[in-house]
Every structure is written in C-alpha cells, then in structure tokens.
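Residue numbers (the numbering used here), protein chains in the order written: chain L, 1 to 213; chain S, 1001 to 1085.
Keep in mind the hints are simulated off the structure, nothing from the lab.
Treat the hints with caution; some may be incorrect.
[Claimed, not checked] Non-contacting residues of chain S with respect to chain L, defined by C-beta distances greater than 10 Å in every case (computed):
#, residue
1, Val1010
2, Ser1017
3, Ile1068
4, Gln1073
5, Glu1081
[Stated by the list, open to error] Computed far set for chain S versus chain L, every beta-carbon distance over 10 Å:
#, residue
6, Ala1002
7, Leu1016
8, Ile1021
9, Glu1022
10, Ser1024
11, Asp1035
12, Leu1045
13, Glu1046
14, Lys1053
15, Gly1065
16, Lys1066
17, Gln1070
18, Tyr1078
[What the hints assert, rightly or not] Pair ranges (Cβ atoms, derived):
#, chain 1, residue 1, chain 2, residue 2, range
19, S, Glu1054, L, Glu161, 48 to 54 Å
20, S, Glu1054, L, Asn200, 49 to 55 Å
21, S, Glu1052, L, Glu29, 22 to 28 Å
22, L, His6, S, Glu1054, 36 to 42 Å
23, L, Val4, S, Gly1027, 53 to 59 Å
24, S, Lys1066, L, His6, 38 to 44 Å
25, L, Thr33, S, Asp1077, 35 to 41 Å
26, L, Lys134, S, Lys1011, 44 to 50 Å
Keep in mind the model is a prediction, meaning the values are calculated, not measured.
Just so it is clear, CB atoms sit at the ideal spot from N, CA and C, and this is done for glycine as well.
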Amino acid sequence: MEKVYHIAQHCAIKNQAVYKNGICIYEDEESETIKDFAKGVYKNLELKYPKFYKMDELCKLSFLASEVLLKNNEIEIDEETALVLANKASSLDTDRKHQKSITDKENYFPSPAVFVYTLPNIALGEISIKNKLKSENAFFISESFDADFILKYAKMLIDSEKATQVICGWADLDTDKYDVFLMQLTSENGKKLTTQEITNIYNNDYGRVSRRA
Amino acid sequence: MAELVEELKVKIIDQLSLEDIEVSDIGNDDPLFGDGLALDSIDALELIVLLEKEYGIKLTDPKQGKEIFQSVQIMADYITEHRTK
C-alpha cells in the first residue's frame, strides 16, 4: 500500500521577515544587512549557539529556518531525519569573498573560516550538528524551486527506509537577496498537501509578501 | 605587554567572530581551547593567519600552535619574541 505523506510544518525567511505555517512571526525593516537581520532573528528566537556567528549568511538563514521549523514541533525529529535542500546560487556569495581574499598576491591571507563555507551543503552539516542528525542529506542546484523534484526525492528516502522523515526545501542567497522555504515531510501526522499545493504556498502565501521592492 | 594582550583579545574576538564575548570575558591565562573559549580547529587555523597577517610570524609547523595558543598571555609572549612587524 502506498504511503501517505504529510507536511507537518513549513516556514519561510524572506523580505526581512520570518514565517511559520504562513504566519509572520518576526519582521525587521531596520536592518541594513543580512548579517544584522539574521542576528536579530537569532536573538528573537533566544538561541544560545555561539557557532551561529561563525557561519556564512547562507548557513545562518538555513540554520535559523530549521530552528523556526522545529521549535515547539508536534512531531519531533530523530537522528534518521534526512535533509534535502536546493538553491540557485550555490555558495556563490561566500565563493566571492574567498576569491577576493586571494586576488592580491601582495596581501594574500585567505581565511580558513571563510573557505570552509565555499560549498552550499555545509548548511546541511550545520543543521545536522545542531540537531545531532546522522542521516542522509543532499543539496541540489537548480534554476528555481522545484517542489515536485524535492518531494519525490524526499519521499524516495522514506520509501527506501533511508530516513524516517525529511526536512526539505529551498535555501538561496546571493549578495543581498535571499529566499528560504523549508518543510517537514513525514508519513505520520500533519496536513496532506499535493505538490501543486506546496508550490502555491511557496509562490502565493510567502511570495506575495514583498516589503522591499 | 599589557597593551599587546588587550590588542590580541580584540583581534581574536574580531577574527573569530566571537560576538557574544567581551574583552573582559577573556582572562590572560584562560585556555583558548577546550574549557576556555571552546575554540575549534578552524579557529586554530585563523589564529595562524592572524599571527602572519598582523605580526609577520609564519608558523612552519601548525603543531606549534598547540603550544603558542594555550592562552592570550602565552600568545603575547611569543609575539613579542618573534614579531617582524
């Protein structure tokens, strides 16, 4: 018998605001940088995780979205919860910072702390470390958020018993633009949503909000 | 020496993005790794870069860091003896 999958929770970080299940839970129109905005979210969530400050911006936003998604969650994750994310810009933002640090041969001091973030899947590592996950993970690069692909891959992980549930979605950042959308996919409780409904949530519920044109 | 110790604390906080730490939180003899500031292996590499960039000290053997980075005071002593800028 084919399993029925549910979206237990979903959240988004975009346009200087944080949303959970479609409801805005934090907004900040004052911060001038992603770094400051992310710090504000971190403080608002009352997190105590100093390693957060060492992350690059893509990791910070992905990490914060995972914290929002899993906070006060009815369905707790376990160490077999898989992570599947995708984005368009890969780790380009940090790649540029690293490139800048190695361009001047007379002032050649590449930062190890920057270099370690020149891969997008490090964001998955940061979430795994925080939540003690020992699970499958994958980070794909694609032109735009493809709910059908992500959900098929996530369901395959559960069907093949590689994972008990999957945190999946989109985490993109390039310079001053960012767009994060995470879901908790489970075969247990939650709202049963089709791929089209997920796409509509991403495009309409979260996409409609735009404070900074 | 006291000036260098304070300068080092500021640079360490900045270089290692220790945003929840104030200069006054770091004792001169506090261990930087383990129970002290709980720095990790990437932080150790950043400290090696800091020595070269700010003080012209190039560590040829990264294992030297284990001795030099025991505390801010030991770092300051080493810098005073070996700095080229």
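Verification of the hints:
1. Distance check on Val1010/S: its Cβ is at least 16 Å (rounded) from any Cβ of chain L, clearing the 10 Å threshold; non-interface status holds.
2. At the 10 Å boundary, the C-beta of Ser1017/S falls inside the reach of chain L, the nearest C-beta of that chain being 5 Å off.
3. Non-interface status of Ile1068/S relative to chain L is upheld: no Cβ of that chain comes within 10 Å, the nearest being about 17 Å off.
4. Under the 10 Å C-beta cut-off, the non-interface status given to Gln1073/S relative to chain L holds; the minimum distance is some 23 Å.
5. Once the 10 Å rule is applied to beta carbons, Glu1081/S is consistent with being away from chain L; the minimum gap is 22 Å.
6. For Ala1002/S, the condition that its CB be more than 10 Å from all CB atoms of chain L holds, with the nearest at approximately 27 Å.
7. Once the 10 Å rule is applied to beta carbons, Leu1016/S is inconsistent with being away from chain L; the minimum gap is 7 Å.
8. For Ile1021/S, the shortest C-beta to C-beta distance to chain L comes to about 8 Å, within the 10 Å cut-off, and the non-interface label is violated.
9. Its beta-carbon lying about 13 Å from the closest one in chain L, Glu1022/S satisfies the requirement of being farther than 10 Å from that chain.
10. Distance check on Ser1024/S: its Cβ is at least 17 Å (rounded) from any Cβ of chain L, clearing the 10 Å threshold; non-interface status holds.
11. The claim that Asp1035/S lies off the interface holds: its Cβ sits roughly 14 Å from the closest Cβ of chain L, which is beyond the 10 Å cut-off.
12. For Leu1045/S, the requirement that its beta carbon stay farther than 10 Å from each beta carbon of chain L is not met, with the minimum near 4 Å.
13. Separation of Glu1046/S from chain L is inadequate, the least Cβ-Cβ distance of about 5 Å not exceeding the 10 Å criterion.
14. With a minimum CB-CB distance of about 5 Å to chain L, Lys1053/S fails to clear the 10 Å threshold, and the non-interface call is violated.
15. Every CB of chain L is more than 10 Å from the CB of Gly1065/S (nearest about 12 Å), matching its label as outside the interface.
16. With 10 Å as the threshold on Cβ separation, the claim that Lys1066/S sits away from chain L holds: the shortest Cβ distance comes to roughly 16 Å.
17. Distance check on Gln1070/S: its Cβ is at least 20 Å (rounded) from any Cβ of chain L, clearing the 10 Å threshold; non-interface status holds.
18. No beta-carbon of chain L is positioned within 10 Å of the beta-carbon of Tyr1078/S; the least distance is around 19 Å.
19. Checked against the given bound of 48 to 54 Å, the beta carbons of Glu1054/S and Glu161/L, roughly 53 Å apart, stay inside it.
20. Take Glu1054/S and Asn200/L: their Cβ atoms lie about 53 Å apart, and the range 49 to 55 Å holds.
21. In this structure the hint that Glu1052/S and Glu29/L lie 22 to 28 Å apart at CB is violated, the actual value being about 42 Å.
22. For His6/L paired with Glu1054/S, a C-beta distance near 54 Å fails the hint of 36 to 42 Å.
23. Our hint of 53 to 59 Å for Val4/L and Gly1027/S holds, since their Cβ atoms are close to 58 Å apart.
24. Lys1066/S and His6/L have their C-beta atoms about 51 Å apart, which leaves the hinted 38 to 44 Å range violated.
25. Taking the beta carbon of each, Thr33/L and Asp1077/S are about 38 Å apart, inside 35 to 41 Å as hinted.
26. Between Lys134/L and Lys1011/S, the C-beta spacing of about 37 Å breaks the proposed range 44 to 50 Å.
Consistency note: the structure conflicts with the earlier hints numbered 2, 7, 8, 12, 13, 14, 21, 22, 24, 26.
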